[in-house]
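Number of protein chains: 2
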Amino acid sequence: MAQRLIVIGGNAAGMAAASQARRRRDRADLEIVAFERGHFTSYSSCGIPYWISGTVSGPEELVARDPETFRRRFDIDVRMRHEVVAIDLDRREVTARDLVGGGEVRERFDELVYAAGAVPLRPAWAQTDVEGVFGMQTLDDGAALRDWLESDPAPRRAVVVGGGYIGVEMAEALLLRGLSVTLVEQADQPMSTVDGDMAELVVEAMRDLGVHIRTGLSVSGLEERDGRVRGVVTGEGTIPTDVVVLGLGVRPNTDLAADAGLPLGPSGAVRVDRRMRVPDTPGVWAAGDCVECLHRVSGMPVHVPLGTHANKQGRVAGINIGGGYATFTGVIGTAVTKVCDLEVGRTGLRETDARAAGFDFVSVVAESTSRAGYYPGTRPMTVKLIAERPSGRLLGAQIVGWSEAAKRIDGLAVALWNGMTVDEMTALDLGYAPPYAPVWDPVLIAARKAVDALHDGAG
Amino acid sequence: MAQRLIVIGGNAAGMAAASQARRRRDRADLEIVAFERGHFTSYSSCGIPYWISGTVSGPEELVARDPETFRRRFDIDVRMRHEVVAIDLDRREVTARDLVGGGEVRERFDELVYAAGAVPLRPAWAQTDVEGVFGMQTLDDGAALRDWLESDPAPRRAVVVGGGYIGVEMAEALLLRGLSVTLVEQADQPMSTVDGDMAELVVEAMRDLGVHIRTGLSVSGLEERDGRVRGVVTGEGTIPTDVVVLGLGVRPNTDLAADAGLPLGPSGAVRVDRRMRVPDTPGVWAAGDCVECLHRVSGMPVHVPLGTHANKQGRVAGINIGGGYATFTGVIGTAVTKVCDLEVGRTGLRETDARAAGFDFVSVVAESTSRAGYYPGTRPMTVKLIAERPSGRLLGAQIVGWSEAAKRIDGLAVALWNGMTVDEMTALDLGYAPPYAPVWDPVLIAARKAVDALHDGAG
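Chains as they are written, first to last, in full-length UniProt numbering: chain A, 1 to 459; chain B, 1 to 459.
Only chain A is shown next, with the shape it has when bound in the complex (with noise of 0.2 Å):
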């Protein structure tokens, strides 16, 4: 008799998942029932915001496979609109509620991949029904701020709440849509995934696009009126609006696996192995939104949600059920994003991280242009870089640029990866002709600095 796979959530991590696992076991030796209470399956969220802009069309357009095509092309009963509500494991079986036909349905199950993915951060003031408050994180979050956006009255005023990934990305998009923009961040300044002197670029970019950008003011409360939201109470007034976009971060959508007695780790995410299982639960895995990784650099436990991590975590799931081998060995933070054509990559650790994690460290920051300076459509290059003293091993890198910046940490992020000093670094044979580099690269002019600022130190 088959044996019987059950995944629970149908986005990337889920079905990568899914899909390794068929690739290698086929539905004689594998039954797979996959459960997806939302609308959509394999999406990509981190295209959301790009759809709300209208740069992107959608939503059909940012699902990579849908329901249809997984049962067709992979055997996988995929059940949407249904959500899970238990997982026992004692029984080896969960219970899963059919949110369009009402009802629930038990599964047992051999092996469970748990692929519950992120929720959105709600403080207080936002768990409230008045309408025209969003999250972030789902295609289907996406879906009720299109149509909101597109009720009548038009929405003209947008407020949103958090100056991360996605409420720097929300804040262009809403802004992309004709929307006046305001960006309200707690902290004294947002864009906190990069130090502050980065950041300062980038809130620069955005104030010159439009948004207004109000810092060090918290939120403590919604207006509304007949239900819809009108307004968000700062301690320094109420700012009008149409619409509030919550970009807050995400915590892992762990609810169902701590009841089930699955085990957190330190950052709040379900523990796994490197081959993506359970500690001590045998028959199953995590992966994705919902898990923590190492941190290569800092060696500590981390929660990263992004979906090129829960895509390789799911396929490494996959393969490891389909009696394959594979790991994954963890995440240096690397990440990338755009505000208009500013681009801004990192990688490693910030210097508040090194920080936090022990390291003496310098940073240096080096002013270059992406091209040979002769060469037409050159922009300037800003690249930092947190190197550890005194071995020089690098720590940490961000770029921030006008054009061909972003993907530049790549070749940085490998560095890290490998360990390699700033010194190692100023040696590196990376690709030179004048429209795609001055003749030292300005991740070369940037270790060479921090070379010259590790020996200062030393002297």
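Hints may be right or wrong, so weigh each one.
One copy or any two copies: either way a pair holds, since identical chains are not told apart in the list.
Below 20 Å or equal to it, Euclidean Cα-Cα: the simulated SDA-like pairs (lysine to any residue) are [what the hints assert, rightly or not]:
# : residue 1 : residue 2
1 : 338       : 299
2 : 338       : 378
3 : 338       : 200
4 : 338       : 277
5 : 338       : 178
6 : 338       : 210
7 : 338       : 165
Simulated from the structure, these hints should not be mistaken for laboratory data. All values reported here derive from a predicted model rather than from experimental measurement.
For chain A, the structure is supplied; the task is to place chain B on it using the hints.
Leaving out everything else, chain B in the frame of chain A:
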């Protein structure tokens, strides 16, 4: 009494050495004299095609630092239009000819930097007084071609002989200037800097641009009228032309070095140790397009004339002459170029190189896109990886694509530099956001495909 440093060649390597030495030793400690036979110091040879095309203005734009700057800011006695014609190692002096005023001078040295660069390969048929035939290596070469193109009657047809980087870039440049361009290549295909399957993509793009490409064709002579070139004689008839550009590569400029008894290596270029010292020749250093260096993947000495290496090598020599410590640890053959909007990057060994070096390997070609499939402006990208069998160690990589392709080679170059296996590479934490990459970056897709190929091969 101050010591004396003589630098032969005032381009990237020589002047980087001079300036680095000056940073560490002042004039009272070290006099520096640099001889340059041409009209320019420290310029971008790689920028010449873009000057020819009119994309950048020149020649001043291409000069990073002019002689006056070296004199004033670095206290370096730069002697322009002086060609060193002899090195006497016993007497520790060089003889230089004044190409303008006539006559010769002798100058003693304590330290000598040999940075004489490279000279374009010029087959017997091109060793002629016929006007309108140009090698492309120095800014003076570029100036001569510019003058010719602007002469009256203006040349309308061009033949580029040889399809390496310079040939391909010059073909594009001449086309952009409005000439009808024929590229003559002796081999089956131009652009042999990448493997044939990848070169095919470049050739298609060049044909689409309107470059006439004639392959498998050797040039045997020139036709002339009134001392000006009128045609290129080949085995398949004469190709009429008003100008001939040689793109047959360069050879290290070693005549002077060989006369002086400096050791040449198997590549034909000057041998140096890791600190850029000429072995067994105290006080003599060499750097730039005239030296050979270690290819870190094949382990063989290679001659790779490229501005980025010249700068690094010159810097290393200068730091060491200045009393510091620096090494040049070799190259891995990274290079990028473009043909109009088509971008090409490579690093490490091609299939032919890998075979010649004795490696067993698999190679895979993966088709993907530069951005998320749904994101506007996404374009096809082809990534080829060559991995050692059975170890899986990356040996080489090539990328061809229409945008954001060339510099993606950097991540691969750093992976190669660090000896990563393709299996390890599938785990790399590269930058992901829809405007910059699919959720599986093209590099990761290729790595996965290479892993599969290794396993299939072993199965």
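Hint by hint, here is what the structure shows:
Taking the closest pair of Cα atoms, residue 338 and residue 299 never come within 20 Å of each other, the shortest separation being 28 Å inside a single copy and 41 Å across copies. Taking the closest pair of Cα atoms, residue 338 and residue 378 come within 20 Å of each other both inside a single copy (18 Å) and across two copies (16 Å). For the identical chains of this complex, residue 338 and residue 200 are intra-copy neighbours only, at 14 Å inside a copy versus 34 Å across copies, given an alpha-carbon limit of 20 Å. Proximity of residue 338 to residue 277 under the C-alpha cut-off of 20 Å is found in neither arrangement, the shortest distances being 35 Å within a copy and 46 Å between copies.
In the homo-oligomer, the alpha carbons of residue 338 and residue 178 lie at most 20 Å apart inside one protomer (18 Å), although the nearest pairing across protomers, at 37 Å, exceeds that limit. Only within a single protomer do residue 338 and residue 210 lie at most 20 Å apart by alpha-carbon distance; the minimum there is 15 Å, versus 36 Å between protomers. Only within a single protomer do residue 338 and residue 165 lie at most 20 Å apart by alpha-carbon distance; the minimum there is 9 Å, versus 33 Å between protomers.
In terms of the numbered hints stated before, the structure departs from hints 1, 4, listed from lowest to highest.
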